[in-house]
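Assemble the whole structure, with the sequences as input and the hints as a guide.
Here this note's numbering is used: the first residue of the sequence shown is 177, the next is one more, and so on.
Honestly, the hints are just simulated from the structure, not real lab data.
A hint or two may mislead.
As the list claims (entries may be wrong) - Below, simulated EDC-like cross-link-like pairs (lysine to aspartate or glutamate); rule was C-alpha separation at most 20 Å, straight line: (1) Lys221 <-> Glu185; (2) Lys253 <-> Asp194; (3) Lys200 <-> Glu185; (4) Lys253 <-> Asp239; (5) Lys253 <-> Asp234; (6) Lys221 <-> Asp189; (7) Lys253 <-> Asp189; (8) Lys212 <-> Asp239; (9) Lys207 <-> Asp189; (10) Lys196 <-> Glu185; (11) Lys207 <-> Glu185; (12) Lys212 <-> Glu193; (13) Lys196 <-> Glu208; (14) Lys212 <-> Asp194; (15) Lys207 <-> Asp239; (16) Lys200 <-> Glu216; (17) Lys221 <-> Asp239; (18) Lys200 <-> Asp189; (19) Lys212 <-> Asp189; (20) Lys200 <-> Glu215; (21) Lys253 <-> Glu186; (22) Lys196 <-> Glu216.
Claimed, not checked - Across the chosen pairs, the derived CB separations fall in these ranges: (23) Glu185 <-> Tyr259: 19 to 27 Å; (24) Tyr259 <-> Ala197: 29 to 37 Å; (25) Asp189 <-> Pro240: 16 to 24 Å; (26) Ser230 <-> Pro198: 16 to 24 Å.
Just so it is clear, CB atoms sit at the ideal spot from N, CA and C, and this is done for glycine as well.
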Amino acid sequence: MQYQANTVEEYIDQIPEDRKAPIKKLRQTIKENLPKGFEEGILYKMIGYYVPHSLYPDGYHCDPQTPLPFINVASQKNFVALYHSGI
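What follows is the structure, encoded as structure tokens:
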């Protein structure tokens, strides 16, 4: 499912109640282990963790305007998804 959110907090507010606790726990775990300098935000209409342009100015090779994605977390129709870009 797609949510219209500009911040991670807005995204979490919009997802179903039964998904909020698992997503919050996953978010906490990722943030505790995220490499230094990586950032959290909304990327591809999901919670995203990425390498900002300040660290990697070239950005994502498919779209240089987009920061380099690392991990995305999403509430899909029937499950919570974790997408890892394996950089």
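Evaluated hints:
1. Lys221 <-> Glu185: Since the Cα atoms of Lys221 and Glu185 sit roughly 13 Å apart, the hinted pair holds (cutoff 20 Å).
2. Lys253 <-> Asp194: Answer holds: Lys253 to Asp194 is near 12 Å, not above 20 Å.
3. Lys200 <-> Glu185: holds (10 Å)
4. Lys253 <-> Asp239: Violated - the C-alpha atoms of Asp239 and Lys253 are around 27 Å apart, more than 20 Å.
5. Lys253 <-> Asp234: This hinted pair is violated, its Cα atoms lying about 33 Å apart.
6. Lys221 <-> Asp189: holds (14 Å)
7. Lys253 <-> Asp189: Holds, because 16 Å separates the two Cα atoms, which is no more than 20 Å.
8. Lys212 <-> Asp239: Violated: Lys212 and Asp239 sit about 23 Å apart, past 20 Å.
9. Lys207 <-> Asp189: holds (19 Å)
10. Lys196 <-> Glu185: holds (11 Å)
11. Lys207 <-> Glu185: holds (14 Å)
12. Lys212 <-> Glu193: The hint is violated at about 31 Å.
13. Lys196 <-> Glu208: At roughly 18 Å apart (the allowed maximum being 20 Å), Glu208 and Lys196 satisfy the hint.
14. Lys212 <-> Asp194: violated (31 Å)
15. Lys207 <-> Asp239: Roughly 25 Å separates the two Cα atoms, so the pair is violated.
16. Lys200 <-> Glu216: holds (13 Å)
17. Lys221 <-> Asp239: holds (15 Å)
18. Lys200 <-> Asp189: Within the cut-off at roughly 11 Å; holds.
19. Lys212 <-> Asp189: violated (27 Å)
20. Lys200 <-> Glu215: holds (16 Å)
21. Lys253 <-> Glu186: holds (18 Å)
22. Lys196 <-> Glu216: Holds, at roughly 17 Å.
23. Glu185 <-> Tyr259: 19 to 27 Å: holds (20 Å)
24. Tyr259 <-> Ala197: 29 to 37 Å: violated (20 Å)
25. Asp189 <-> Pro240: 16 to 24 Å: Once the Cβ atoms are compared, 31 Å apart, the range 16 to 24 Å for Pro240 and Asp189 is violated.
26. Ser230 <-> Pro198: 16 to 24 Å: With a Cβ separation near 31 Å, Ser230 and Pro198 fall outside 16 to 24 Å, so the hint is violated.
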